[in-house]
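K.L.:
So the chains spell out like this:
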Amino acid sequence: MGKFDLLDHELVPQFRIMAKEEIEQLRKSLGVRKEDLPWMLKSDPVSKAIGAKPGDVVEIVRKSPVAGRSVAYRYVVPG
Amino acid sequence: MSFYELVKSIKSIRFGILSPEEIRKMSVVNIVTADTYDEDGIPIEAGLMDRRLGTIEPGQKCQTCGNRVRQCPGHFGHIELARPVVHPGFAKLVYSLLKATCWNCGRLLLTNEDVDKYTILMDRYRRKWPQLRLRLADRVIRRASKNTECPHCGEHQYKLKFEKPTTYYEEHKEGTVKLAPNEIRSRLERITDSDVKLIGLDPQIARPEWMVLTVLPVPPSAVRPSITLESGIRSEDDLTHKLVDIIRINERLKDNIDAGAPQLIIEDLWELLQYHVTTYFDNETSGIPPARHRSGRPLRTLAQRLKGKEGRFRSNLSGKRVDFSARTVISPDPIIRINEVGVPIEIAKLLTIPERINSYNIEQVRRLIENGPDIHPGANYIIRPDGRRIDLRFPKDRKAVADAVSIGYIVERHLKDGDIVLFNRQPSLHRMSIMAHKVRVLPYKTFRLNLCVCPPYNADFDGDEMNLHVPQSEESRAEAGVLMLVQEQILSPRYGGPIMGGIQDYISGAYMLTRKETILTREDASQLLARAGYSGELPPPEINEPKELWTGKQLASLFFPSGFNYSLKSNVCLKCPSCKKEDCENDAYVVIRDGKLIKGVIDKKSIGAGQPESVLHRLIKDYGTDVGRDYIDKAFKLFLAYIDSRGLTIGLDEEELPAEAKREVLEAIRQAESKISELIDTYKQGFLERLAGRTLEETLETKIMQELEEARELAGEIAGRYLKETNTALLMARTGARGSFMNLAHMVACVGQQSVRGERIIRGYMNRTLPHFKPGDLGAEAHGFVYSSYKDRLNPIEFFFHAMGGREGLVDTAVRTSQSGYMQRRLINALQDVRVEYDLTVRGTDGSIIQFKYGEDGVDPAKSDHGKAVNVEKIIERVVKAGGG
Numbered sequence: 000m001g002k003f004d005l006l007d008h009e010l011v012p013q014f015r016i017m018a019k020e021e022i023e024q025l026r027k028s029l030g031v032r033k034e035d036l037p038w039m040l041k042s043d044p045v046s047k048a049i050g051a052k053p054g055d056v057v058e059i060v061r062k063s064p065v066a067g068r069s070v071a072y073r074y075v076v077p078g
Numbered sequence: 000m001s002f003y004e005l006v007k008s009i010k011s012i013r014f015g016i017l018s019p020e021e022i023r024k025m026s027v028v029n030i031v032t033a034d035t036y037d038e039d040g041i042p043i044e045a046g047l048m049d050r051r052l053g054t055i056e057p058g059q060k061c062q063t064c065g066n067r068v069r070q071c072p073g074h075f076g077h078i079e080l081a082r083p084v085v086h087p088g089f090a091k092l093v094y095s096l097l098k099a100t101c102w103n104c105g106r107l108l109l110t111n112e113d114v115d116k117y118t119i120l121m122d123r124y125r126r127k128w129p130q131l132r133l134r135l136a137d138r139v140i141r142r143a144s145k146n147t148e149c150p151h152c153g154e155h156q157y158k159l160k161f162e163k164p165t166t167y168y169e170e171h172k173e174g175t176v177k178l179a180p181n182e183i184r185s186r187l188e189r190i191t192d193s194d195v196k197l198i199g200l201d202p203q204i205a206r207p208e209w210m211v212l213t214v215l216p217v218p219p220s221a222v223r224p225s226i227t228l229e230s231g232i233r234s235e236d237d238l239t240h241k242l243v244d245i246i247r248i249n250e251r252l253k254d255n256i257d258a259g260a261p262q263l264i265i266e267d268l269w270e271l272l273q274y275h276v277t278t279y280f281d282n283e284t285s286g287i288p289p290a291r292h293r294s295g296r297p298l299r300t301l302a303q304r305l306k307g308k309e310g311r312f313r314s315n316l317s318g319k320r321v322d323f324s325a326r327t328v329i330s331p332d333p334i335i336r337i338n339e340v341g342v343p344i345e346i347a348k349l350l351t352i353p354e355r356i357n358s359y360n361i362e363q364v365r366r367l368i369e370n371g372p373d374i375h376p377g378a379n380y381i382i383r384p385d386g387r388r389i390d391l392r393f394p395k396d397r398k399a400v401a402d403a404v405s406i407g408y409i410v411e412r413h414l415k416d417g418d419i420v421l422f423n424r425q426p427s428l429h430r431m432s433i434m435a436h437k438v439r440v441l442p443y444k445t446f447r448l449n450l451c452v453c454p455p456y457n458a459d460f461d462g463d464e465m466n467l468h469v470p471q472s473e474e475s476r477a478e479a480g481v482l483m484l485v486q487e488q489i490l491s492p493r494y495g496g497p498i499m500g501g502i503q504d505y506i507s508g509a510y511m512l513t514r515k516e517t518i519l520t521r522e523d524a525s526q527l528l529a530r531a532g533y534s535g536e537l538p539p540p541e542i543n544e545p546k547e548l549w550t551g552k553q554l555a556s557l558f559f560p561s562g563f564n565y566s567l568k569s570n571v572c573l574k575c576p577s578c579k580k581e582d583c584e585n586d587a588y589v590v591i592r593d594g595k596l597i598k599g600v601i602d603k604k605s606i607g608a609g610q611p612e613s614v615l616h617r618l619i620k621d622y623g624t625d626v627g628r629d630y631i632d633k634a635f636k637l638f639l640a641y642i643d644s645r646g647l648t649i650g651l652d653e654e655e656l657p658a659e660a661k662r663e664v665l666e667a668i669r670q671a672e673s674k675i676s677e678l679i680d681t682y683k684q685g686f687l688e689r690l691a692g693r694t695l696e697e698t699l700e701t702k703i704m705q706e707l708e709e710a711r712e713l714a715g716e717i718a719g720r721y722l723k724e725t726n727t728a729l730l731m732a733r734t735g736a737r738g739s740f741m742n743l744a745h746m747v748a749c750v751g752q753q754s755v756r757g758e759r760i761i762r763g764y765m766n767r768t769l770p771h772f773k774p775g776d777l778g779a780e781a782h783g784f785v786y787s788s789y790k791d792r793l794n795p796i797e798f799f800f801h802a803m804g805g806r807e808g809l810v811d812t813a814v815r816t817s818q819s820g821y822m823q824r825r826l827i828n829a830l831q832d833v834r835v836e837y838d839l840t841v842r843g844t845d846g847s848i849i850q851f852k853y854g855e856d857g858v859d860p861a862k863s864d865h866g867k868a869v870n871v872e873k874i875i876e877r878v879v880k881a882g883g884g
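Same order as they appear, the protein sequences are chains V and C. Residue 16 in numbering that gives the first Met the number 0 sits at position 17 of the first sequence, and the numbers go up by one each step. Residue 657 in numbering that gives the first Met the number 0 sits at position 658 of the second sequence, and the numbers go up by one each step.
Worth flagging that the hints you see were computed from the coordinates, not collected in a lab.
Below, a list of computed lysine to aspartate or glutamate pairs in the DMTMM-like style, where the Cα atoms sit at most 25 Å apart:
id	chain 1	residue 1	chain 2	residue 2
1	C	Lys-852	V	Asp-55
2	V	Lys-62	C	Glu-836
3	C	Lys-127	V	Glu-20
4	V	Lys-41	C	Asp-113
5	V	Lys-47	C	Asp-113
6	V	Lys-33	C	Asp-856
7	V	Lys-33	C	Glu-855
8	V	Lys-52	C	Asp-113
9	V	Lys-47	C	Asp-137
10	C	Lys-852	V	Asp-43
11	V	Lys-62	C	Asp-838
12	C	Lys-852	V	Glu-23
13	V	Lys-41	C	Asp-845
14	C	Lys-10	V	Asp-35
15	V	Lys-52	C	Asp-137
16	V	Lys-62	C	Glu-855
17	V	Lys-33	C	Asp-122
18	C	Lys-127	V	Glu-34
19	V	Lys-52	C	Glu-112
20	C	Lys-196	V	Glu-34
21	V	Lys-33	C	Asp-845
22	V	Lys-27	C	Glu-855
23	C	Lys-116	V	Glu-34
24	V	Lys-33	C	Asp-838
25	V	Lys-33	C	Glu-836
26	V	Lys-41	C	Asp-115
27	V	Lys-27	C	Asp-856
28	C	Lys-127	V	Asp-35
29	C	Lys-852	V	Glu-9
30	V	Lys-27	C	Asp-845
31	C	Lys-127	V	Glu-23
32	C	Lys-852	V	Glu-58
This is chain V alone, in the form it adopts within the complex:
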């Protein structure tokens, strides 16, 4: 089997590492610490693909059958 980019697969949503200021804004708007966001392991295939490091926050944009477009965030932790 040849190599493929898992981010290209149609079932894989869009991932993006957020900038510091964006994270700060998100944190403020939700009123939480970074650690209170859902976690994602550094060893997750997606983390590896986009090069996320512990401490990063990843934005996920999904197509949702109920909401059309839904945005979620993940806090990257080591492991």
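For this one, chain V is given, so just place chain C on it according to the hints.
P.N.:
Positioned in the frame of chain V, the structure of chain C alone reads:
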């Protein structure tokens, strides 16, 4: 007497392992005797029931703390084990520790660089991701275990084997050697504190060597009380029995060691001691036989006391018992409102509500006091402002007591009409399983409930019992009344629609009333409306000549609010390819305009329970729960009044088909049979085409099944053609009141194929189902096809096959309920304190985010329009109608 002075609040909890020193420090007696009491029933000194372990008999003073039974908390003793044994609860961790450390120098099998790296990492984890600490510790252990040579002392590391529950072997070249617990303990002792930290333990409170016991704590006697039977024979607790075993073996081991017995004997006793200690902690440890009582019953030791449904947690800590509750059989009452619950007088006289006397209610309350506990609107107790209770059962002259009360007294009065109570039916699977009702005190001994609340409780009246709870404070009553009242729960969050609504006769009645041919005289119409509680004017009659007549639709219209518009297809709709809508000749298209039922019949689709997008649903969404409740209370009574006046019965002769129809049914089945024998022939000749993914035999089976299924459907269709329009069962099936067309076909035409595990019936004898058939017979009759209808009666063979299929259904339901019950329990435990915050995020108790927007769209399904926040079509329809009309 007061414990309250000692109450402190818990800030944090830290779990650790008891060290031998700690065990000795908290111990009040070293127990060396395996006996409990002597012949006179006096506890033996240094025995398992030593007086210093705490008092258990009333009047006795504790030898340790001097307190009496209630105050003495009990005190621990200890047993000095002659040889150490592994604590079975830590056996697995001990294995990991042994594998990860050097047997010689006791250091972690990692290079200094690695140790430094992991120390730094561990430090960072401790600060930033404390939850991940144990994962890292796992990684450290896994890394270290891989090393076969100690980087510190250079010793070769032997392979270790762990045999459950508590044995460890080392694989030397010469063969495997069993590791004795004292050897294990000394290895664990050698592990340095800094290495222990890397493994994820805190050496201050959990040194590894403490996982191998040298001293065993003996719980206070209050934990394992002995009971005296009527015959005067003392019976000891299971834990005491187990401790007796431990002490007995321990003493024997000690004696043998002192006497210099051979190593073999000592090892045997040692292993026996390990066995007893293991079963003392957990008598269901896998790999060893459970310790048994003399009677053969397995002992209930420490782990068993805590575990499972009957364990300390689920039974004693989570299991709450309450006052002010009642339970009895339920029965239906179509007259009371859906918000009400009928409470028997006898129960109303036992359940009370505390009412504070004020200047407004003092006269009524005085009357209640005079009535006392035995006459219904009465009272059971008076609480004076100083907190003293007066029991109204005893005073001879209650009149005097009534006169003596004044403002500020509290009276515990009987339940009366209109009080708010909580009503519940187990299993409480969703929030509608507990709803607030208003009390209606009634004679007789059952709780009465309106039939429309059966679906949310999933109740029927074949002996169901329900519970009732009386909130005792103003706040709780207000809260229950606003949030939990039945009418507030009509719309279910499970699906966008009303969970309460018409069932069975309500639907039949509504249909019969609203169909075209129903016309009523002034007398009939008035009678029906009176029963429904309608007190307005009769509308102008639809027909004036030859006499005044009203249609059923007119009466049904009276309960819609004016201005209410809606239209839908009813359940009787034939689903024609192109809908003629208002011109439907079956009257199956319901049109309500300005609160008047213009066209269509009311049936399950309009008022049925659990029907989204129904008339009822729209009514509640547009006009609120008060209007919805009122509609159910009144209009539904009209439907019942009509069905009462007409009567709805089903008889044997209604399920009779004309001879002609019977012939047709028979013919349909014969044709299927001949097709099947053709199939069998082609199969036997080897010409059958194999279906993808099936064997030849499976192909044949599927094809036969298909054929028979079609035959049954055809039979049903034929039957349907010949059934009269007036057939009651057909009416109920069409309106959705009860039963399906298939049920009807089973009764009149043909029951059809019986199945077990989704296949035709094949079990029984070798190559045949019953001795009545030839081996290898593949025909329909031989594999559970029932030719007869229920009306025509089944022959014995058919009956037997039918019973086989029926049994499978019963077993399936039994299995499913237990499985889904367990799943429900686990889901509830996992989700119980998840909640939606005001910003529509879903969060756990610590504020951690689980969903960024509830359900991704933030829509409450109970308030939504069939899952969507808005129903654009309906809005357009309404706007257009308003503009055009």
